[in-house]
Amino acid sequence: MKPIFTITEGMLPVSTSYCPGCTHGISHRIVMECLDEAGKLGEAIGVAPIGCSVVSHQFMNVDMLESAHGRAPAVATGIRRVHPDKVIFTYQGDGDLASIGMSEIIHAANRGETFTTFFINNAIYGMTGGQMAPTTLVGQKSTTSPDGRDPGAVGMPMRMSELIASLDGAVYVERVALDTPAHVRQAKKAVAAALEIQEKRLGFTFVEFLSTCPTNWGLTPANALKFVEEKLIPYYPLGVFKTPERKEEAV
Amino acid sequence: MTDKVLMKGNEAFAETAIRAGCGYYFGYPITPQSEIPEYMARELDRRGGAFLQAESELGAVNMAYGAGAAGGSVFISSSSPGIALMQEGLSFLCCAGVPATVLNVSRCGPGIGGIQPGQADYFQATRGGGNGDYHVFVFAPDRLQEAVDLIYEAPLIADRYRNPVMILADGMLGQMMEPIVLPEQRPLIKPADIPAYKPWTVTGKADRGGKRNVVQSLYMQPEDLSRHVEEMYANYTRAEKELARYEADGLEGAEIVFVAFGTTARLCRETIELLGDRGVKAGLIRPVSLWPFPYRAFDEVGPDTKAVVSVELSMGQMMEDVKIGVNGRKPVRLIHRVGGLVPTSVEVMDEAIAILEGI
Ligand SMILES: Cc1ncc(C[n+]2csc(CCOP(=O)(O)OP(=O)(O)O)c2C)c(N)n1
Numbered sequence: 001m002k003p004i005f006t007i008t009e010g011m012l013p014v015s016t017s018y019c020p021g022c023t024h025g026i027s028h029r030i031v032m033e034c035l036d037e038a039g040k041l042g043e044a045i046g047v048a049p050i051g052c053s054v055v056s057h058q059f060m061n062v063d064m065l066e067s068a069h070g071r072a073p074a075v076a077t078g079i080r081r082v083h084p085d086k087v088i089f090t091y092q093g094d095g096d097l098a099s100i101g102m103s104e105i106i107h108a109a110n111r112g113e114t115f116t117t118f119f120i121n122n123a124i125y126g127m128t129g130g131q132m133a134p135t136t137l138v139g140q141k142s143t144t145s146p147d148g149r150d151p152g153a154v155g156m157p158m159r160m161s162e163l164i165a166s167l168d169g170a171v172y173v174e175r176v177a178l179d180t181p182a183h184v185r186q187a188k189k190a191v192a193a194a195l196e197i198q199e200k201r202l203g204f205t206f207v208e209f210l211s212t213c214p215t216n217w218g219l220t221p222a223n224a225l226k227f228v229e230e231k232l233i234p235y236y237p238l239g240v241f242k243t244p245e246r247k248e249e250a251v
Numbered sequence: 252m253t254d255k256v257l258m259k260g261n262e263a264f265a266e267t268a269i270r271a272g273c274g275y276y277f278g279y280p281i282t283p284q285s286e287i288p289e290y291m292a293r294e295l296d297r298r299g300g301a302f303l304q305a306e307s308e309l310g311a312v313n314m315a316y317g318a319g320a321a322g323g324s325v326f327i328s329s330s331s332p333g334i335a336l337m338q339e340g341l342s343f344l345c346c347a348g349v350p351a352t353v354l355n356v357s358r359c360g361p362g363i364g365g366i367q368p369g370q371a372d373y374f375q376a377t378r379g380g381g382n383g384d385y386h387v388f389v390f391a392p393d394r395l396q397e398a399v400d401l402i403y404e405a406p407l408i409a410d411r412y413r414n415p416v417m418i419l420a421d422g423m424l425g426q427m428m429e430p431i432v433l434p435e436q437r438p439l440i441k442p443a444d445i446p447a448y449k450p451w452t453v454t455g456k457a458d459r460g461g462k463r464n465v466v467q468s469l470y471m472q473p474e475d476l477s478r479h480v481e482e483m484y485a486n487y488t489r490a491e492k493e494l495a496r497y498e499a500d501g502l503e504g505a506e507i508v509f510v511a512f513g514t515t516a517r518l519c520r521e522t523i524e525l526l527g528d529r530g531v532k533a534g535l536i537r538p539v540s541l542w543p544f545p546y547r548a549f550d551e552v553g554p555d556t557k558a559v560v561s562v563e564l565s566m567g568q569m570m571e572d573v574k575i576g577v578n579g580r581k582p583v584r585l586i587h588r589v590g591g592l593v594p595t596s597v598e599v600m601d602e603a604i605a606i607l608e609g610i
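Heads up: the protein sequence lines correspond to chains A and B, in order. So the first sequence is numbered by our numbering: it starts at 1 and just counts up by one. So the second sequence is numbered by our numbering: it starts at 252 and just counts up by one.
These are calculated hints, taken from the structure and not from any lab test. Incorrect hints may appear among the rest.
[What the hints assert, rightly or not] Residues from chain B shown here face chain A by an in silico Cβ test under 8 Å; the list is partial:
| id | residue |
| --- | --- |
| 1 | Leu309 |
| 2 | Ala320 |
| 3 | Gly322 |
| 4 | Gln338 |
| 5 | Glu339 |
| 6 | Arg463 |
| 7 | Thr595 |
| 8 | Gly609 |
| 9 | Ile610 |
C-beta atoms are modelled at their ideal positions from N, C-alpha and C, and glycine is treated no differently.
Taking the hints into account, I'd like the entire structure generated from these sequences.
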């Protein structure tokens, strides 16, 4: 009998330590499935961020290292200089990537570094207990925006995919969501596309996942998925912002 | 084949790092060491390595961490405020056991300070400028040839202990010219050879038949972190025995013993001659390693010595270690300048005589 589902070898046979309803587990699995299906688990080097997913190396069955908060793109840049032939990725939250690590991500993208960044946008700081992130929505309450994010005081939530896509060094930028099975399937296509383009070493590849944080949003897992659909997606439109076609033509 | 050449300090440092086999350099411009990234930009790629101008020193040290964890032999350089920005990274490198060679062509501080030579990075270098229990090994040359020799040796020490090594050279050394003999070119390691040479690195698990490597510094269980830090310190204890280095001159019968490193050690040698002309016998202890500090050197200080004097371009930072070394056996005094001022040998002589008269 042919199994209709098998667990990818890319995930270690342990339970993740993430909260119920958190989508880190889904994005972990998608990335690992794509590496597995491309036959690249043995060639992959991943950089874990500081954030809830600092422990991702306990679940992802590939060589990994922990980076300091926000510095993963610099770390991956260094790895790429030593290993031109390996598959390299960073996996980063929104505090990590869009706040403390803004300089590293922008410069890595602008240089056209040939690794892939998986950006987990859950609109909040998860690990430290629900503080405001650069991606927290207008009016969204957090422990450091108890009355809701006030754009007059702290600016508008940052749309990282759009920002990255504006840089010439970025060749593939897509935003996906993890709220429905259809969106999860699309997310997996995006990851596969990004990794395939990484193989061609055309430039920087970036996939943003609209993710959940039921614990710090104060929502049930089911309502957290609804929050993604009703609040996050309208502000953070899904879709492909950049593909390498234009760049390939130029070459 | 070895070549005798006349070179400017910074260029000699960069050339030596390449010859030492450091194939990866990440840097950010800062006076007085900008010639180093400039030299690397010209040389490193065409000699089989990789140069990258980082977006900041934070970027540079983390690129070094990535490249080092992936098995590359890494060299980074900066000057005091840039080294300050690298401290988070150095703490990570030490905790994660990633070797690197770090050069600090130091200037004066605090804050942005000034661009003149200074030694006020002593604490930053030897006390662990970042968070947590760790040490970077620190060596302080007082002439270009010694700097060259230390930079050449540094990657070997870094690899042996899996810990960063810092060469602390003040701006004077970076800018001066002296004839030197450059060492032979060590081969740059090829990616395919890394797993055999450094089996702990992240190169993709296929290189180890599927056995995974993780380079980390997070330990959520207190017992695990405690065990890890204790292991790091077992390594440091070994380093204290094996790496403490110094030079001692004229201690026997010396009335006064100077302690100085780098530029001020050169100065003290002149002062010792001047004092000799006046019938005052003076000696010198020159720590070559600042961490581990060569405390045992002070056991050689004899009964004739009336004072041990730390001569520094800082406000008595090294004097703390001198006091530990002297351990109450002699009065310890300070002769110092800061702000980029450097005393003349005559000024040091006058202050030394005043110290002797006051004891
Ligand atoms: C230099 C530094 N500053 C602050 C922290 C504390 N800290 C740890 S995780 C984190 C935020 C993580 O949030 P995010 O990147 O959104 O990831 P998530 O936890 O939501 O997955 C912060 C601020 C740290 N570890 N290091």
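Self-check item: Index of numbered hints that the structure contradicts, given in increasing order
Solution: 4, 7, 8, 9
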